[in-house]
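These are the residues of each chain, in order.
2 protein chains.
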Amino acid sequence: MRYFEDIVIGDTATFGRYEVTREEVLEFAGKYDPQPFHLSDEAAAQTHFGKIAASGWHTCAMTMSMIVAHMKENPQAGLGAAGLDELRWLKPVYPGDVLRAEMLILDKRASVRRPGIGSLQTQTTTYNQHDEPVLRFISGTLIRCRPTD
Amino acid sequence: MRYFEDIVIGDTATFGRYEVTREEVLEFAGKYDPQPFHLSDEAAAQTHFGKIAASGWHTCAMTMSMIVAHMKENPQAGLGAAGLDELRWLKPVYPGDVLRAEMLILDKRASVRRPGIGSLQTQTTTYNQHDEPVLRFISGTLIRCRPTD
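As you go down the protein sequences, you meet chains A and B in turn. Residue numbering for the first sequence follows my numbering, beginning at 10 and increasing consecutively. Residue numbering for the second sequence follows my numbering, beginning at 10 and increasing consecutively.
Just chain A, with the same shape it has in the complex (with noise of 0.2 Å):
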């Protein structure tokens, strides 16, 4: 298990593949995002996406896919996420991409208030089969100090 002494600012980790497919782009969108160019590759040609393209939510959530997987094969002492910053929708994503996730550790704290607790900040990028970063987004998480009894 990894606590608030073990994460290095800086450190990388690459993890994950993700196929995404035109069954579930079409039933993620139907249910949550049906916009035109999420469900039709005619209404998605009239579109700066060209054909059908992944809700944007839909990567966020095949992305947070790939996290709980790699967290589960590395785990850390989280106490969950309280939000993101600067999320960004870098490219369409598009049934038959393959995607991947690359998490950056851009800083940590101890908490002043709360002895025992750490937060990190992270900055996630998914990226699809031609190494293009689709979706980029930066997220302040808790995590637990080591015990020390």
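These are calculated hints, taken from the structure and not from any lab test. Worth double-checking, as some hints may not be accurate.
Since copy identity is lost for identical chains, a pair holds within one copy or between any two.
The calculated lysine-lysine pairs, modelled on PhoX-like cross-linking and capped at a C-alpha distance of 25 Å, are [as the list claims (entries may be wrong)]:
{"#": "1", "residue 1": "Lys117", "residue 2": "Lys40"}
{"#": "2", "residue 1": "Lys60", "residue 2": "Lys81"}
{"#": "3", "residue 1": "Lys100", "residue 2": "Lys60"}
{"#": "4", "residue 1": "Lys40", "residue 2": "Lys100"}
{"#": "5", "residue 1": "Lys117", "residue 2": "Lys81"}
{"#": "6", "residue 1": "Lys117", "residue 2": "Lys100"}
{"#": "7", "residue 1": "Lys81", "residue 2": "Lys40"}
In this text the structure is predicted, and so the values were computed from the model without any measurement.
Please build the complex by placing chain B on the supplied structure of chain A, with the hints as guidance.
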């Protein structure tokens, strides 16, 4: 159709109704965010959630579905979102909760480089049935100006 010129800074739209079901919370988390506190009441009882809670990304997705439904009823010449800032998960969302959303126009600017296009900055807040904010984020979107010919 509402164009850039029709958007008024400070305007607020209130919309949506989304019933959060246990089945959907489990389905989304199982696929995209399989952390124990999103999948089991026993695991959630050991955390600050207390009982099974929706993935934060699921709350985003449910909010997006309310936004898209609202935009279908109130069409805008929108050109999509580039990103989000200051996203905060403010309270847990539980099965049985009923969500609604509010969107506030924070700012609008005509593009200097791209005539005919404007950008909007909006703040979206999702509330539960107790009128507690559960999610808030700022988004930057593009919108067409009214055709002049």
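Problem set entry | Hints not upheld, ascending by number | 1
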